[in-house]
Structures are given as structure tokens and as C-alpha cells.
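Undergrad: This is what each chain is made of:
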Amino acid sequence: MTTSTVATADAAPAMRIVVLLRRLYHRPGKPDACLLGRCEQAALAAAVRLRDALGGTLTAVALGEAMHEEPTLAAALAAGCDRAVRVHAPACDDLDYLGTAEVLRAAVDRLGCDLLVCGDRSQDQGHGALGPAMAELLGMPHLTGVLDVDIQVEDRDIQVADGAAEPAEEAAEPAAEPAEPTRGGRAILARQRNGGRIHRFRCVPPVVLCIQGPMPAPDQPAPDQPATDQAPAAPIDHLSLDDLGLDARIIGHRGRLIGQLQTTHEGRRTVMATSPADLVTRLVADHVLR
Amino acid sequence: MASILVYIEPAGYPVAAGPSQASLEILGEARRMADVLGATVYAFAPMWTDSNAGLAAGVPDIRASDALIDALGHGGADRVMLVPVAAPVSGPPGWPAGWAAHGQALCAAYEQVQPLLVLLAATRAGRDLGPRLAARAQAVFVSEPALHGGPGGDVILCQSTHGNALRRRLSIESLERPAVVTLPPGTYSPAHGADEPATMLQSLAPAPGTGIEYLGSDADPGADLDTARVIVVAGAGVDTAATHGLVSDLAAALGAALGATPALCARGLAPRHQAIGVGARHVAPALYVVCAASGSPAHLGAVSPDATIIAINADPAAPVFRVASYGIVGRLEQVIPDLIAALAGHPPAAVPQ
Numbered sequence: 059m060t061t062s063t064v065a066t067a068d069a070a071p072a073m074r075i076v077v078l079l080r081r082l083y084h085r086p087g088k089p090d091a092c093l094l095g096r097c098e099q100a101a102l103a104a105a106v107r108l109r110d111a112l113g114g115t116l117t118a119v120a121l122g123e124a125m126h127e128e129p130t131l132a133a134a135l136a137a138g139c140d141r142a143v144r145v146h147a148p149a150c151d152d153l154d155y156l157g158t159a160e161v162l163r164a165a166v167d168r169l170g171c172d173l174l175v176c177g178d179r180s181q182d183q184g185h186g187a188l189g190p191a192m193a194e195l196l197g198m199p200h201l202t203g204v205l206d207v208d209i210q211v212e213d214r215d216i217q218v219a220d221g222a223a224e225p226a227e228e229a230a231e232p233a234a235e236p237a238e239p240t241r242g243g244r245a246i247l248a249r250q251r252n253g254g255r256i257h258r259f260r261c262v263p264p265v266v267l268c269i270q271g272p273m274p275a276p277d278q279p280a281p282d283q284p285a286t287d288q289a290p291a292a293p294i295d296h297l298s299l300d301d302l303g304l305d306a307r308i309i310g311h312r313g314r315l316i317g318q319l320q321t322t323h324e325g326r327r328t329v330m331a332t333s334p335a336d337l338v339t340r341l342v343a344d345h346v347l348r
Numbered sequence: 007m008a009s010i011l012v013y014i015e016p017a018g019y020p021v022a023a024g025p026s027q028a029s030l031e032i033l034g035e036a037r038r039m040a041d042v043l044g045a046t047v048y049a050f051a052p053m054w055t056d057s058n059a060g061l062a063a064g065v066p067d068i069r070a071s072d073a074l075i076d077a078l079g080h081g082g083a084d085r086v087m088l089v090p091v092a093a094p095v096s097g098p099p100g101w102p103a104g105w106a107a108h109g110q111a112l113c114a115a116y117e118q119v120q121p122l123l124v125l126l127a128a129t130r131a132g133r134d135l136g137p138r139l140a141a142r143a144q145a146v147f148v149s150e151p152a153l154h155g156g157p158g159g160d161v162i163l164c165q166s167t168h169g170n171a172l173r174r175r176l177s178i179e180s181l182e183r184p185a186v187v188t189l190p191p192g193t194y195s196p197a198h199g200a201d202e203p204a205t206m207l208q209s210l211a212p213a214p215g216t217g218i219e220y221l222g223s224d225a226d227p228g229a230d231l232d233t234a235r236v237i238v239v240a241g242a243g244v245d246t247a248a249t250h251g252l253v254s255d256l257a258a259a260l261g262a263a264l265g266a267t268p269a270l271c272a273r274g275l276a277p278r279h280q281a282i283g284v285g286a287r288h289v290a291p292a293l294y295v296v297c298a299a300s301g302s303p304a305h306l307g308a309v310s311p312d313a314t315i316i317a318i319n320a321d322p323a324a325p326v327f328r329v330a331s332y333g334i335v336g337r338l339e340q341v342i343p344d345l346i347a348a349l350a351g352h353p354p355a356a357v358p359q
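Protein sequences, first through last, are from chains A and B.
According to the working numbering, the residues represented by the first sequence are 59 to 348, in order.
According to the working numbering, the residues represented by the second sequence are 7 to 359, in order.
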């Protein structure tokens with residue numbers, strides 16, 4: 059196994075990991091019963107495991123109103139994040155992908171970041187744009203659709219996440235315990251589904267990873283339940299646009315680029331068949347079947 | 007005159023066998039939009055080359071260039087921008103398409119063309135490239151919208167959100183800046199028979215390294231779901247192996263790929279590679295048959311809004327019946343055998359004969 063090096067000094071600089079989170083919404087302004095979408099759940103789990111394997115600090119960052127995002131951040135702290143920061147911007151829910159990224163970039167710059175982890179695409183909006191936009195603004199390489207991550211340290215592989223895809227024949231043995239903070243060279247091995255293949259990459263921080271999987275194992279609880287009666291393990295810090303040196307008028311213009319919101323099922327009625335034969339008759343009449 | 011820039015994703019690895027089917031579909035749609043908008047269509051085509059000598063000179067394989075230019079010209083391109091992409095000197099061949107391989111060169115093409123619109127297929131490559139290009143260009147980004155004609159030759163982008171329950175509507179004419187748009191594969195048809203062959207512009211410099219190293223690839227056992235025109239999916243209500251077998255039989259009767267909801271996979275009743283859902287796999291079939299699944303946004307949010315959904319569920323109040331086009335209430339053990347019998351001689355129209 060080849061060695062990938064970031065630092066050759068005995069004491070590697072502490073890794074600063076940031077995970078971007080966002081409350082899941084059933085409808086605009088109406089939070090879902092689940093705190094986080096699937097990709098955000100996977101991103102949080104991956105970020106915690108990367109911090110455990112790489113060492114350093116993990117900060118969860120969310121942009122939004124306190125009533126919606128502070129439960130999200132409290133859950134992130136309960137899941138193992140070291141710190142949580144809520145960023146507030148006026149009309150932030152109406153910002154497009156780039157307006158959101160500009161605000162979050164300023165927050166991430168202020169915190170310092172070697173590794174940015176986020177969900178590949180949100181479950182409600184589904185753009186999949188924030189991660190690549192953050193990478194562009196931060197000047198970091200990025201990978202979208204990351205299925206799982208491993209850590210490569212010297213000549214050992216430490217598996218830190220379950221694979222969403224079937225494990226390859228040459229997969230590393232799973233780690234029984236989280237690794238001690240690493241010293242010397244360290245790189246992240248990531249897998250991505252693309253063009254009918256599962257591709258493998260080696261990423262050396264700084265890098266942005268947009269996590270798509272993995273799915274939680276059957277006996278693994280997903281961090282999607284609000285810690286309603288549980289006080290956060292650490293205080294949640296707050297940042298405003300003024301704290302970040304941003305002008306609300308300049309950011310706000312991105313709100314005009316998201317279009318008009320409409321419902322899609324006006325006048326739609328599901329055609330209910332009375333029997334399988336009736337269903338086939340209707341499908342043939344509508345040219346769904348020949 | 008306005009321009010539309012289309013990203014042409016290579017088909018196949020490690021040496022491209024021409025443009026991907028999805029890219030030809032997007033190019034065809036670009037041609038149709040250009041005819042309405044009065045625009046010029048530029049096709050950006052990265053070319054793999056296994057000739058290190060040729061690559062060093064920045065010159066792509068001439069024979070492959072001619073074939074690609076012909077294909078893209080007939081597919082609707084007015085101009086073709088060829089980009090030789092480095093095959094690594096050592097290690098596994100064939101970087102997958104995406105920002106690491108093509109991003110810098112695509113940005114250079116954007117700067118040169120200054121398009122009104124950039125179109126990419128909503129494949130992994132397109133979703134990797136599109137948003138970052140949009141951020142670089144300070145452009146609007148729209149993910150997998152439906153396209154509609156507007157008044158006066160306008161083009162309207164309608165993007166579904168919140169599990170296809172809502173949509174955002176944008177008019178291209180009203181945008182203050184360019185737009186980068188990913189379009190779902192399998193939704194559009196390639197153009198055929200351009201009047202004039204496309205003209206090759208100068209080749210752009212190969213993309214520099216980005217700090218991510220490619221190590222190679224393995225087979226994706228669920229890859230058939232990515233391109234399937236008909237999919238039958240087993241939901242959490244499939245609670246026995248025998249019932250799952252019935253769902254599999256229905257898929258076979260329809261000539262469909264077999265999928266599963268993430269909930270069913272999490273219970274170990276279906277392999278993980280079959281999972282369809284946000285955070286698992288997104289699909290864009292023409293016909294999607296949902297067996298004993300509730301129809302949650304986490305599931306149906308990963309299905310193209312253009313898919314015709316048929317729902318089979320024992321619960322008449324299941325949310326899936328509010329979003330499906332067709333439905334039938336009943337237990338799978340009772341519905342599927344009779345449905346398979348009724349389907350004899352009636353294949354899906356989406357599957358070519």
C-alpha cells in the first residue's frame with residue numbers, strides 16, 4: 059500500500075473539520091418531523107468518524123432561524139461534534155445556492171477549515187449545488203456523490219464508514235475501535251458511483267466531500283431525532299452577517315434568482331383501477347403499455 | 007447571437023466510445039431550444055487519448071476527432087470544442103468524467119463562448135461539474151427542471167422540490183445572468199440529421215491536476231437502474247422472501263430493472279445496491295412501479311418527476327396514491343399474479359421493441 063503524505067513532522071497540525079447541516083423541511087418554512095435528510099445524516103456520521111480517525115476538531119455549521127436550526131445543531135453536538143455554530147442572515151431561506159454558499163463560506167473562513175463535509179443533495183430542495191459551490195468559493199478540490207470514506211495512514215487502511223455499495227473483494231478489514239489521532243501522512247479514500255462503475259479516489263485535505271451514503275446499518279440509529287428535552291452538550295455559537303463582514307443587500311439579491319414556487323398536483327388525480335385487468339386496460343388506452 | 011454550451015460526457019472507460027447517450031439527448035434538446043431562441047449550439051467534448059506523444063503536443067487523435075465531430079454535428083451542434091484529456095502515465099486509465107478531470111477546461115470554454123445557457127446531463131459528472139461551473143460564473147443553477155415553452159419564444163424551467171410536491175418556475179428571458187442547467191437522462195431524444203456539419207474550434211489545454219488522485223474502479227452491481235426505462239421497486243411492505251419473489255416476477259414480466267426502497271434494504275431484505283432514494287440512488291425511468299411502499303419524499307424525491315408512477319399498496323390511504331399516476335389497492339400476493347397474467351402481450355411502451 060502506497061503512502062500518501064500531508065506532513066512529515068512528528069506532530070501533524072490538528073485537522074479542522076467542518077460539517078454543514080440544514081434542517082429538513084416538509085414544505086418551505088415547515089420543518090419535517092426528521093431533523094436531517096438522508097445525505098445530511100450520512101455527512102454528519104462521516105464527519106464524526108473522520109474526526110475520530112484523523113483527530114482535530116469537528117464543528118457543525120447551520121444557516122437559518124434559531125427555532126429550526128438550533129435543534130439540528132443540538133443533535134449534531136449529541137452525535138459527537140465538538141462545536142456548533144448557527145449563522146443567521148435575513149431572508150436566508152430565500153437565498154439561492156450561491157447566496158447560501160457566500161454566507162457559509164464567510165463563516166467557514168472565520169472558523170478555519172481543512173476538510174469540509176456536507177450532504178450531496180438535500181432531501182427537500184434537491185439541488186446538489188451547495189457543496190461544489192462551497193468548494194469553488196474556498197478554492198478547494200471537491201468530490202460529489204461520495205458513498206463512503208476510508209483513511210489511509212502510512213501503510214495501513216482504517217475503515218471508518220460502512221459502504222453503501224457492496225464491499226469490493228479487496229476491501230480493508232473493518233476497524234474495531236476508532237484510531238488514535240494520526241501523525242504524519244494521512245489521506246482520505248473516497249468512493250463515488252459514476253457511469254456504471256464505483257470509482258476510488260485518494261483525497262488529501264484541504265478538500266470538500268459531498269456525502270451521498272452510506273445508509274445506516276439495520277441496528278444503527280440514525281441521528282435524525284430531535285433532542286427536544288436534552289440540553290446541548292456545548293453552547294451553540296452564533297454569527298450574524300455583521301460578524302462575517304457581509305452586506306445583507308449584496309447577499310439578498312441572490313434571492314431573486316430562485317423563481318416562483320408552485321404546487322405540482324393541482325388538478326392531478328390518481329387513476330385508481332378496480333382490478334389488475336382494469337389497470338392494464340387503462341395503461342394500454344393511455345399508451346403506457348402497448 | 008446567444009449561445010448554448012453543452013457538456014458532452016464520454017461514453018465508456020477508459021477510452022471513450024463516442025459521446026454518451028445522455029449527452030446526445032441533451033444536445034438534441036439544446037438544438038431544439040436554440041432553434042426557438044435563435045442561438046448557436048457549442049458542444050464541449052473532452053477526448054480521452056491513449057497516445058502520450060499526441061497528448062504532449064496537445065493534439066487529439068485525428069480519426070477519433072472526425073468521428074466525434076460528425077456525431078455531434080448530426081446531433082445538433084453548430085460548433086465543437088475538442089479537449090484532449092490526459093491519460094495518466096502510470097496507474098489505472100480513464101479518469102471518470104467530472105470536475106477533477108474536466109472542470110478547468112470547461113471553465114475556459116465558458117469564458118470563450120460566454121453562453122446564455124449551459125446544459126449538462128444530470129449524471130454524476132454533470133452534477134459534479136454543473137454547480138461549480140455555475141458558482142465560478144456567478145450564474146443561476148437549476149437542477150433537473152422540466153422544460154416548457156413560454157410566450158414569445160421564452161423557455162420556462164420548472165424544477166420539482168419537496169418530493170415532487172412543489173416546483174420552482176424560472177423564465178430564461180427574465181434571468182439577469184446565464185444559467186447552468188442539468189437535465190435528466192432518458193427524458194429527451196437526440197436530434198438527427200443536422201443540415202451543416204459542425205466545425206471544430208481550437209483544442210483547449212488539458213486540465214491541470216486538482217489534488218485528487220484517481221485509484222481505479224470496480225463494477226457497480228446496481229448500474230442497470232441508472233439507465234433502466236422501466237423499474238419495479240419493492241417497498242417496506244414487502245415482508246417475506248416469497249413476496250419479494252413476486253415483485254421480482256413482476257419486474258421480469260415488464261422487462262424491468264428491480265429496485266428497493268432504502269427502508270427495505272436497511273432491513274436486509276434487499277441488497278444495498280438496489281436502493282433507490284435520496285442518499286442512495288437517483289433514477290429517471292419512464293415507468294416506475296411501486297410495490298408496497300408508502301411514497302415518502304426520501305424515496306420518491308430520488309425519482310424523476312417525468313416518470314409515470316404506478317402504485318400497488320394494501321393501504322388506500324398510503325401517501326403514494328397522492329403522487330402516483332395510477333394506483334391499485336390490494337395485497338401484493340393477490341394483485342401481482344393477476345397483473346402478470348393481464349400484462350401478457352402488453353409490454354411497456356417505454357421499452358424499444
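Derived by calculation from the structure, the hints in this document are not laboratory data.
Keep in mind that a hint or two might mislead.
Said to hold, decoys possible - Some chain B residues flagged as far from chain A (calculated, every beta-carbon gap over 10 angstroms):
(1) 42
(2) 118
(3) 337
(4) 354
Stated by the list, open to error - Simulated restraints, written as ranges between beta carbons of each label pair:
(5) B:144 x A:298: 37 to 45 angstroms
(6) A:197 x B:17: 53 to 61 angstroms
(7) B:183 x A:332: 48 to 56 angstroms
(8) B:41 x A:136: 40 to 48 angstroms
(9) A:330 x B:120: 49 to 57 angstroms
(10) B:351 x A:332: 15 to 23 angstroms
(11) A:124 x B:144: 26 to 34 angstroms
(12) A:292 x B:343: 52 to 60 angstroms
(13) A:305 x B:175: 23 to 31 angstroms
(14) B:17 x A:339: 37 to 45 angstroms
(15) A:327 x B:144: 39 to 47 angstroms
(16) A:348 x B:120: 19 to 27 angstroms
(17) B:156 x A:333: 37 to 45 angstroms
We put the beta carbon where it would ideally sit given N, CA and C, even for glycine.
Undergrad: Confirm or reject each hint.
TA: Verification of the hints:
1. Once the 10 angstroms rule is applied to beta carbons, residue 42 of chain B is consistent with being away from chain A; the minimum gap is 20 angstroms.
2. Every Cβ of chain A is farther than 10 angstroms from the Cβ of residue 118 of chain B; the closest lies at roughly 19 angstroms, confirming the non-interface assignment.
3. Distance check on residue 337 of chain B: its Cβ is at least 12 angstroms (rounded) from any Cβ of chain A, clearing the 10 angstroms threshold; non-interface status holds.
4. Residue 354 of chain B, annotated as away from the interface, has a beta carbon of chain A within 10 angstroms; the closest lies near 6 angstroms.
5. Between residue 144 of chain B and residue 298 of chain A the C-beta distance comes to about 24 angstroms, which lies outside the given range of 37 to 45 angstroms.
6. Between residue 197 of chain A and residue 17 of chain B, the C-beta spacing of about 32 angstroms breaks the proposed range 53 to 61 angstroms.
7. For the pair residue 183 of chain B and residue 332 of chain A, the beta carbons lie near 52 angstroms from each other, so the given range of 48 to 56 angstroms is met.
8. Taking 40 to 48 angstroms as the suggested C-beta distance range, the pair residue 41 of chain B and residue 136 of chain A does not conform, at roughly 56 angstroms.
9. For the pair residue 330 of chain A and residue 120 of chain B, the beta carbons lie near 51 angstroms from each other, so the given range of 49 to 57 angstroms is met.
10. A C-beta distance of roughly 21 angstroms is found between residue 351 of chain B and residue 332 of chain A, which places it inside the suggested range of 15 to 23 angstroms.
11. Taking 26 to 34 angstroms as the suggested C-beta distance range, the pair residue 124 of chain A and residue 144 of chain B conforms, at roughly 30 angstroms.
12. Between residue 292 of chain A and residue 343 of chain B the beta carbons are some 58 angstroms apart, a value that agrees with the proposed interval 52 to 60 angstroms.
13. Between residue 305 of chain A and residue 175 of chain B the beta carbon distance is about 29 angstroms. The supplied range of 23 to 31 angstroms therefore holds.
14. Remark: the range hint 37 to 45 angstroms for residue 17 of chain B to residue 339 of chain A is upheld by a beta-carbon distance near 39 angstroms.
15. At roughly 42 angstroms, the beta carbons of residue 327 of chain A and residue 144 of chain B sit within the given window of 39 to 47 angstroms.
16. Judged by the Cβ atoms, the range 19 to 27 angstroms given for residue 348 of chain A and residue 120 of chain B is violated: they are separated by roughly 46 angstroms.
17. Checking the proposed 37 to 45 angstroms range against residue 156 of chain B and residue 333 of chain A shows it holds: the Cβ atoms sit about 42 angstroms from each other.
Hint check: violations occur at hints 4, 5, 6, 8, 16; the rest are consistent with the structure.
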